[in-house]
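Those protein sequences? They're chains A and B, same order as listed.
If you read the first sequence in numbering that gives the first Met the number 0, its first letter stands for residue 0, the second for the next number, and so on.
If you read the second sequence in numbering that gives the first Met the number 0, its first letter stands for residue 0, the second for the next number, and so on.
Don't take each hint at face value.
[To be verified] Taking lysine-lysine and the DSS-like style, the derived pairs with C-alpha atoms no more than 27 Å apart in a straight line are: (1) A:K93 to B:K104; (2) A:K93 to B:K112; (3) A:K93 to B:K108.
[What the hints assert, rightly or not] Coverage of chain B stretches by chain A, computed from C-beta distances (three or more under 8 Å per stretch; other residues unrestricted): (4) 87-94; (5) 101-109.
[Said to hold, decoys possible] Listed below are several chain A residues computed to face chain B (Cβ distance under 7 Å; list not exhaustive): (6) V5; (7) L24; (8) M45; (9) V56; (10) F62; (11) P75; (12) V78; (13) L79; (14) V80; (15) L81; (16) Q99.
Please keep in mind that the hints were generated in silico from the structure rather than gathered at the bench.
Note that this is a predicted model, so its numbers are computed, not measured.
Yeah, the Cβ is synthetic: ideal placement off N, Cα and C, and Gly gets one too.
As a plain string of letters, each chain reads:
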Amino acid sequence: MTMAQVCGFVLCLFIGLLGLTILYLIWTRKIDLSQLLSEANGDASMSRFQLLIFTFVIAIALFEIVESSMKFPDIPQGVLVLLGISASTYAVGKGISYSQPQVMMQGSDGSGSADGSDVDDAVAAAQAAAGQAAAHAASAQQAAAKAQQASGN
Amino acid sequence: MLTPIRIMHFEALGFLYGLAALVTYQLFTGQINLQGLMQRKDGTGQTSPERIQLLLATIAAAARYAAQVAQAPPGTLPDIPSDWLYLMGGSSSIYVLHKGWNIFKAAQKLGEKS
Chain A
0 MTMAQVCGFV LCLFIGLLGL TILYLIWTRK IDLSQLLSEA NGDASMSRFQ LLIFTFVIAI
60 ALFEIVESSM KFPDIPQGVL VLLGISASTY AVGKGISYSQ PQVMMQGSDG SGSADGSDVD
120 DAVAAAQAAA GQAAAHAASA QQAAAKAQQA SGN
Chain B
0 MLTPIRIMHF EALGFLYGLA ALVTYQLFTG QINLQGLMQR KDGTGQTSPE RIQLLLATIA
60 AAARYAAQVA QAPPGTLPDI PSDWLYLMGG SSSIYVLHKG WNIFKAAQKL GEKS
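Build the full structure now, drawing on both the sequences and the hints.
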């Protein structure tokens, strides 16, 4: 067995383990895909869904062709245009959504309270909690330092 | 005998199909959030016809292309006919224009309230 073959097998082992690890982490939800299709307000996005479907179909087609002919084929212009349409739809949709964030946040709960006050309240509560946690951490550090001094004496 | 190229082929095939299977499984079991996929985002919660037509056009175009790939001669990636591109372009334009219009109307209503 030559050195090149050994390197090839080591590379195969590494890439195989990497792929298995990624799939395992997705399966155990340590890589979280739950928001894969979600917009900022938590609702699913049709343009993301469209892009996901086209990406999978074209990626699998491309892989099968590379595998059968062992060379990278020319990408037809129609495929590029289709992916361009899909990605442009996604980008324009995102731009429209973010141009009116109050409307988008209103749509997330369907309650019609459109002033975004719930979001502001949640942010304020999170900031207050973070401030309290920082204060507790500081006092715990002080107590630990005092305890070390006492044990040293 | 298994060569590194053959092993790499099986690994890539397994990863790609495994990833597609995992995403599909999570979509069907609700682990990937699909809530509101068919609803307007203007706060009314109504079912959106433009989203449904885009979904149907997407599924039809993807299925058609997968069939074309299966029938194509080996080593070539088939081109997409221009009429399908017009269909997808039109469908996406309808979706984006409706989305823009609905959000514009909802923003106007909000402005009137405040």
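The hints, checked one at a time:
1. A:K93 to B:K104: 17 Å, holds
2. A:K93 to B:K112: 25 Å, holds
3. A:K93 to B:K108: The given pair, whose Cα atoms are some 21 Å apart, holds under the 27 Å limit.
4. 87-94: holds (count 4)
5. 101-109: Our answer is that it holds, as 5 residues pass the Cβ test (under 8 Å) against chain A, meeting three.
6. V5: 9 Å, violated
7. L24: 10 Å, violated
8. M45: Holds - the Cβ of A:M45 comes within 7 Å of chain B, reaching about 5 Å at its closest.
9. V56: This hint holds: A:V56 lies near chain B, its Cβ roughly 5 Å from the closest one there, short of 7 Å.
10. F62: Hint holds; A:F62 Cβ to chain B Cβ min 6 Å, cut 7 Å.
11. P75: The hint holds - A:P75 has a Cβ within 7 Å of chain B, the shortest such distance being about 4 Å.
12. V78: 6 Å, holds
13. L79: Cβ of A:L79 sits 9 Å from chain B, so the hint is violated.
14. V80: 5 Å, holds
15. L81: Check passed: Cβ of A:L81 comes within 5 Å of chain B, closer than 7 Å.
16. Q99: The hint holds - A:Q99 has a Cβ within 7 Å of chain B, the shortest such distance being about 5 Å.
Checked against the numbered hints listed earlier, the structure breaks hints 6, 7 and 13; every other hint is satisfied.
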